[in-house]
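J.: Protein sequences, first through last, are from chains A and B. Quick note: the first sequence, position 157, residue 138 per our numbering, numbers continuous. Quick note: the second sequence, position 127, residue 117 per our numbering, numbers continuous.
It is worth saying that the hints were derived from the structure and are not from the lab. Check before you lean on any hint, since a few could be wrong.
[Claimed, not checked] Derived DSS-like pairs (lysine-lysine); straight-line CA-CA distance at most 30 Å:
(1) A:66 with A:81
(2) A:81 with B:57
(3) A:96 with A:65
(4) A:66 with A:96
(5) A:156 with A:260
(6) A:156 with B:115
Quick caveat: nothing in here was measured; it's all calculated off a predicted structure.
Residue-level listing of the chains:
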Amino acid sequence: MNFWDRMQDIDVRIIYIVIFLVCTIAVIKPLGLPIAISNTTVQAFETMDSLEPGDVVWLDAAYSPGSESELNPMVLAVAHHAFKKDLKVVTFALWNMGQKIVQPLIEDRAEHFGKEYGVDWVNLGFRPAALMVLRAMRDGIHDAVGGVDDFGTPLSELPLMDPDNPNAVLELNDKYVDLIVVFETGSPGTVDYLTYVALEYDIPIFPALVQVSVPGALAYVQSGDYSGLIPGLRGAAEYQILAGAPPTAATGTDAQSLGALAITAFIILGNLGYLLGRKNAA
Amino acid sequence: MLVSTDAGIWIGAISTIAIWSFLVGDNPLWRVAESIFVALAAAWSAAYMWHNYIWPTFSTQIAVEGKYLLIIPVIIGLLIYTRYFPGVSWLARYPMSFWIGYSAGYILAFQPQPFVNQVTSSFIKFGGATTGETINNILLFIAIIGTLMYFFFTVKRDNPVMVIGSTFGRWTIMIALGAAFGSTALFRLSLLLGRIQYIFGDWLQIAGG
């Protein structure tokens, strides 16, 4: 077996070890590679930046702990931007652990900007059956979520959701909500909000997506349905730069770039092994 | 190097290493970690749903706020459990029928709009503000037509137009699938990075994290 034949048949454990070492070294010693800002992230940033103080942003945590590494930096960046602009934030979750994951992240940014829970932001928790819940929340959030937030506090005790407050957020429609941002791994997610809420009430919406979902979502950006898009870990780093948020994603992008280079090198070696090995055999 | 003294982080780190041990081969450590994860996730979900959704429906909305009409959907929902009792299992069809009928009707009413938006957004002018935009618009049009031609099986592939169109469409599909594969690889890398940052940052505290 010559060199090129061996390149087609590299032991997968060698590939695992090389990628692990490359990523680990980059995490321990970041290179500080420059980050170019993509158009879709700029579009998303400008969509939120165009809002006025007091406007309401609806954040949905449609992800599970498996996607934390990509989506948590996005939550930090978007929450930072929202509170910096004195926006009101309502958090909900279409996936059953999302609301617990984003709670400390949004709390951190809220404390940084001196925002108060119940007045400036609320966590409504998770409810199953996205279709039914979104339909119900269009007519009344209070009844749709059982009248309590994620901690069991009656919504009537939270000024941001209290029906007696003229500025309260009572329904998921254009009368109360000015922007929807969905942190999404899959379904249910942004497409559900787009289909059942955003298109009907003409509410701007953009997703903050894991990288694997980005190619499919770009069609919605091209059609104008999404007002931007935050693509994966790199998008998180880009949005953190634009919003002036703590750069927690930057070290990840260095390691991601080097890891991607390592994978590309193995793919090229394998294909060269196939082509040259076939040529030698002929 | 100052290793974390947080028990939760230690448990997370050991669990991560236990799951990674599967890369060496199936082993009891991995099986234990996997079983604990599945059990915890299922138990947490059940407990959360009871405390945050089911119980407040009874204790607050029905008992305190007097929304007695909610008892009707509760009974309809409970009928699903009759499938475990052979004599009355036919009752489980009612909540399923309602669920499927309502969902199908609602989805059919709302789904066309985003799809139609994407179709109409493909009706673009070739001439853009810049040369790059013009090239993009022409390429987009040709790619859409070529891809549709590739899936147009009712016309024979023996005429030059279909051959060229469907070949271009096949290459477009392969490029799109390649982009999707690349995105998937980056996503998996990000997941690995998250764990590496946890192990070397939060646990061993030798990285900034």
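J.: Would you mind marking each hint as holding or not holding in the structure?
T.: Results for each hint:
1. Taken as a hint, the residue 66 of chain A and residue 81 of chain A pair is honoured in the structure, with Cα atoms around 24 Å apart against an allowance of 30 Å.
2. Using a Cα cut-off of 30 Å, the hinted pair residue 81 of chain A and residue 57 of chain B holds, with the two alpha carbons roughly 29 Å apart.
3. As the CA atoms of residue 96 of chain A and residue 65 of chain A are separated by approximately 10 Å, the hinted pair is consistent with the 30 Å bound.
4. As the CA atoms of residue 66 of chain A and residue 96 of chain A are separated by approximately 11 Å, the hinted pair is consistent with the 30 Å bound.
5. This hinted pair does not check out: residue 156 of chain A and residue 260 of chain A have alpha carbons roughly 68 Å apart, beyond 30 Å.
6. Of the pairs offered as hints, the one joining residue 156 of chain A and residue 115 of chain B is violated, with about 35 Å between alpha carbons and a cut-off of 30 Å exceeded.
The structure is inconsistent with the numbered hints 5, 6, although it conforms to all the rest.
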